[in-house]
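These protein sequences, in sequence, are chains Z and C.
Okay, so the first sequence: first residue is 1421 according to this note's numbering, each after it adds one.
Okay, so the second sequence: first residue is 1421 according to this note's numbering, each after it adds one.
Hint data in this document are derived by calculation from the structure and do not stem from the laboratory.
Computed from a predicted model, the values in this text were never measured in an experiment.
We put the CB at the ideal spot given by N, CA and C, even for glycine.
Check each hint, because a few of them may be wrong.
Unchecked claim - Rough simulated footprint, nothing fancy, chain Z against chain C, three-plus residues with beta-carbon under 8 Å:
| # | stretch |
| --- | --- |
| 1 | 1574-1583 |
| 2 | 1586-1600 |
| 3 | 1603-1615 |
| 4 | 1635-1645 |
| 5 | 1665-1673 |
| 6 | 1702-1714 |
| 7 | 1755-1768 |
Stated by the list, open to error - Quick list of simulated restraints, FRET-style, between CB atoms:
| # | chain 1 | residue 1 | chain 2 | residue 2 | range |
| --- | --- | --- | --- | --- | --- |
| 8 | Z | 1736 | C | 1600 | 57 to 63 Å |
| 9 | Z | 1708 | C | 1798 | 38 to 44 Å |
| 10 | Z | 1841 | C | 1709 | 28 to 34 Å |
| 11 | C | 1476 | Z | 1426 | 37 to 43 Å |
| 12 | Z | 1542 | C | 1537 | 18 to 24 Å |
| 13 | Z | 1574 | C | 1713 | 34 to 40 Å |
| 14 | Z | 1615 | C | 1611 | 49 to 55 Å |
| 15 | C | 1476 | Z | 1813 | 38 to 44 Å |
2 protein chains.
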Amino acid sequence: MLTANDPSRKSWLSVPQDSDFPIQNLPFGVFLPEDDFTTIGTRIGNTAIDLSALHQLGYLDGIVLPEDVFLQDTLNDFITLGRPVWRQVRNKIAEIFDEKNDILKNNTEHREQILFPIEEVQMLLPVFIQDYTDFYSSMEHAMNVGIMFRGKENALMPNWKHLPVGYHGRSSSIIVSGEDIHRPVGQMKPADADEPVFGPSKLLDFELEMGFITTDGKHLGERITTDEAEDYIFGMVLFNDWSARDIQAWEYVPLGPFLGKNFASSISPWVVTLDAMEPFRVESPKQDPTPLPYLQTEGKRTFDINLQTFIQPENSTESKVCESNFKYLYWNISQQLAHHTVNGCNINAGDMMASGTISGPEKENFGSMLELSWRGAHTITLDDGSERKFINDGDTVIMRGYCKNDDVRIGFGEVTSKVLPAIL
Amino acid sequence: MLTANDPSRKSWLSVPQDSDFPIQNLPFGVFLPEDDFTTIGTRIGNTAIDLSALHQLGYLDGIVLPEDVFLQDTLNDFITLGRPVWRQVRNKIAEIFDEKNDILKNNTEHREQILFPIEEVQMLLPVFIQDYTDFYSSMEHAMNVGIMFRGKENALMPNWKHLPVGYHGRSSSIIVSGEDIHRPVGQMKPADADEPVFGPSKLLDFELEMGFITTDGKHLGERITTDEAEDYIFGMVLFNDWSARDIQAWEYVPLGPFLGKNFASSISPWVVTLDAMEPFRVESPKQDPTPLPYLQTEGKRTFDINLQTFIQPENSTESKVCESNFKYLYWNISQQLAHHTVNGCNINAGDMMASGTISGPEKENFGSMLELSWRGAHTITLDDGSERKFINDGDTVIMRGYCKNDDVRIGFGEVTSKVLPAIL
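Construct the complete structure from the given sequences, taking the supplied hints into account.
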């Protein structure tokens, strides 16, 4: 079924060493070529591939597809078709671009309609997201935050090991990599103040997360089991859940994060399918206590994905501030989706479910400035000598992620956003 | 501008005494007539009016409208046109159905295409909702809940009087009046248990709320002021924010309500415009302390709307369990919207923002069973002699709302949903 994953396959399109996008990846995204229409596409090396042109020119014949399924502004209609179709399309693309197949390779006219240098296309938000949920599934992150705010004894809330804690976020302000954000303005209450104050957030932070994108689920009232969950998951992206710690701290009791989060979240533009990540399955951390039956999973239900965060000050070079891994998460994506729907909550194609900050056991694995600077107690020194406790205006935050073994590297590219000054 | 509000106007369509829908209301909704296409419509008395037919037959000539704006499954495109267009359409409808205007009245063929008895159409969800936010703006409700769970001294959180506390909810599970719900299943931790348990919620509740629907806002990063806010609000509906108190209690710390809420929320099908509610403007309760400048409003910025909740057991009659009023809310809708966007969060046409449970000062004003039964300490006796602490399987919960003065009654109709047994 997963012939697209054959590690020995090479493409006639050039793939630079250590590219995130060998022919074994074949992620899906939406892009706007210069002087052309928005299209759904995929990517090999540094070449963007127009799937609507590939489809119209007959290269996908044999797969049952709606005529305009790739001539869309979002992946939603394609996602609705379901995993068997995603697989057929990915396998077919792998055949078309296999180095042993010279049909398209030798057709200059078709190549001009289908292939674009990646630097000549504009990547767009890949999905229309009706609902976005953020989980809180890293035990190391929950412990760090708990210790900072409640002390070591009460660090983890009583429910934390029994269910994947989550909350609803704002869909409208999810943006694609490359879009800048403004420092948010709002109401805060400094520790030494009697009354709240108004102004730009002083404690702007990133959160290193990943998000998965679902397809259409079941009817309202019905649940998706952990065994079924992966059939409802299209793929994953890098997710920077921007946070204003001072706004969040004042507002979040008792109903949770709101304006401290909903000013922006940034995602990477290429959705990597679970199929492409198949060689990188690993087991989740052992769960003790054993969760209730509806949350139990067996075997390798998560993925070994290296994650990095960099800060690039204005007119300077980038510095790595964090190195983490998706596999550290205590709750896996099947558990998250089963929990989300256990009460009958329905899901739709394009819904986004993010992991929560992904921290690991060591200090360099911490996935937010809140943890790296330990609530501002320490200073992080960047490679250019400048110091940070949180994020400054002019800083660009870059997150990258990839899976890698001896045979292949399957990457997510990057999510990057620059922080502009507040609009007052 | 608001000639549609002329209280002396009468319609040639019959309007029963105490109807919520006199010619001064003219709400907007979406309905499916028998053997016809889904259309946007309005309502006078018990007659549903097909606006796409009215438009196609030339009755709206003179208003600049996209050709298919009423031939839609949702109001979103119409909402996007903005308040000046909403007003023109409402004023024009008022003229067409004025008792002094016999053009349509005398055209039997056109009347057959445009008018439907309300019982022969199926009301549909009026808007596509990308993002749904729930506020917590009733001081009486926040106090009641606070006293129950934290005691009188700490009832209101320190932030409560400084900002309209809110959180994001789930859009996908918002349903229209008439759709039934299943009792949600999930994880709870009974007070006397050492470990959490799995099963149907035992503490299913309604929350008496209202929701407002927005039009497109500003760019990400820009805010809407309290003075501008009403220009971005299309209208209001009744909102039943179903809640499973036992699921909520176990899950909600520290990130807020999730599965205790997102299994369903029910709304009334007719969106009543702010214009129609104009005669019922009142001042909000005095705010002490004075909020920060970005939250300040002057004059009559809320509305006098009588609200009622009824429980109808299976095969029995309905009993009123609560009588409240929208005017009790401490934070008005302009403050809610200004707060929501102060950090640059963007809004779209069709977004739903609900009030939170609307309780008032007296016991009969409490807007949830949690408060009416004081967390199960008291029993509510219904008219048929049956007793309730929370909602039983087979119960239908009905909410109604209306504004009324000596001249006119502008109502919201009702939102009604029946509770079916859990799917195990």
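Hints versus structure:
Judged by the Cβ-Cβ criterion of 8 Å, the stretch 1574-1583 of chain C is covered by chain Z as claimed, because 5 of its residues qualify and three suffice. Chain Z is given as covering the stretch 1586-1600 of chain C, and this holds because 9 residues of the stretch bring a CB closer than 8 Å to a CB of that chain, at least three being needed. Counting residues of the stretch 1603-1615 of chain C whose beta-carbon sits less than 8 Å from any beta-carbon of chain Z gives 6, enough to reach three: the coverage restraint holds. Counting residues of the stretch 1635-1645 of chain C whose CB lies closer than 8 Å to any CB of chain Z gives 4, so the stated coverage by that chain holds, three being the minimum.
Figure legend: the stretch 1665-1673 of chain C, annotated as covered by chain Z; annotation consistent (5 residues with Cβ-Cβ distances under 8 Å, at least 3 required). Judged by the Cβ-Cβ criterion of 8 Å, the stretch 1702-1714 of chain C is covered by chain Z as claimed, because 4 of its residues qualify and three suffice. Chain Z is given as covering the stretch 1755-1768 of chain C, and this holds because 9 residues of the stretch bring a CB closer than 8 Å to a CB of that chain, at least three being needed. Range check, residue 1736(Z) to residue 1600(C): Cβ separation about 60 Å, and the 57 to 63 Å hint holds.
The hinted window of 38 to 44 Å between residue 1708(Z) and residue 1798(C) holds, with their beta carbons roughly 41 Å apart. For residue 1841(Z) and residue 1709(C), the hinted distance range of 28 to 34 Å is satisfied, since their beta carbons lie about 30 Å from each other. For the pair residue 1476(C) and residue 1426(Z), the beta carbons lie near 57 Å from each other, so the given range of 37 to 43 Å is not met. For residue 1542(Z) and residue 1537(C), the Cβ-Cβ distance of about 52 Å falls outside the hinted range of 18 to 24 Å, so the restraint is violated.
With their beta carbons about 38 Å apart, residue 1574(Z) and residue 1713(C) fall inside the hinted range of 34 to 40 Å. Distance hint check: the CB atoms of residue 1615(Z) and residue 1611(C) are about 38 Å apart, inconsistent with the given range 49 to 55 Å. Roughly 54 Å separates the CB atoms of residue 1476(C) and residue 1813(Z), a value that falls outside the hinted 38 to 44 Å.
Violated hints, in rising order: 11, 12, 14, 15; the structure is consistent with all others.
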